[in-house]
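*Asks:* All chains should be built: construct the whole structure from the sequences, respecting the hints.
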Amino acid sequence: MSQGSVYGPLMFLAYVNDIRRNTASNIRLFGDDCIVYRIITDSSDIDRLLTGLNSLGKWAVENEMKMNPGKIKAVIFTKARLKERISYFLWVQLILELNSFKYLAIIIRSYLN
Numbered sequence: 007m008s009q010g011s012v013y014g015p016l017m018f019l020a021y022v023n024d025i026r027r028n029t030a031s032n033i034r035l036f037g038d039d040c041i042v043y044r045i046i047t048d049s050s051d052i053d054r055l056l057t058g059l060n061s062l063g064k065w066a067v068e069n070e071m072k073m074n075p076g077k078i079k080a081v082i083f084t085k086a087r088l089k090e091r092i093s094y095f096l097w098v099q100l101i102l103e104l105n106s107f108k109y110l111a112i113i114i115r116s117y118l119n
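FYI, in the numbering used here the residues of the sequence shown are 7 to 119.
Hints in this document: simulated from the structure, not taken from any laboratory. One or more hints might be untrue.
To be verified - Taking lysine-lysine and the BS3-like style, the derived pairs with C-alpha atoms no more than 30 Å apart in a straight line are:
1. 77 <-> 64
2. 108 <-> 85
3. 72 <-> 108
4. 77 <-> 108
5. 72 <-> 85
6. 79 <-> 108
7. 108 <-> 64
Everything numeric in this text was worked out from a predicted model, so none of it was measured.
*Replies:* In structure tokens, the structure reads:
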């Protein structure tokens, strides 16, 4: 298929259609961008999010989907003071935590303004 084909986006959506399996976290897709998020109220939510990230990593390997580790980031949205920082990993790589990120031309900051 050539670039700009009408079928390209449709084929990509069919290819990634099962990305949500085996994860209890929320996933949002737009083109080839993916956001995984979860409301954290206790330690079991942290475990579910980490399990979901592991499932996403397994899905990528099974489907031969290459991810750019340099583009994988974490942002924590909270008004509370965190007693301890949470480390997020995809495979064995630590996910860099940022205070803001750009998504679809919108800058989203951890303090939500």
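*Asks:* Could you work out which of the previously given hints the structure breaks and list their numbers from low to high?
*Replies:* Result: hint 5 breaks, nothing else.
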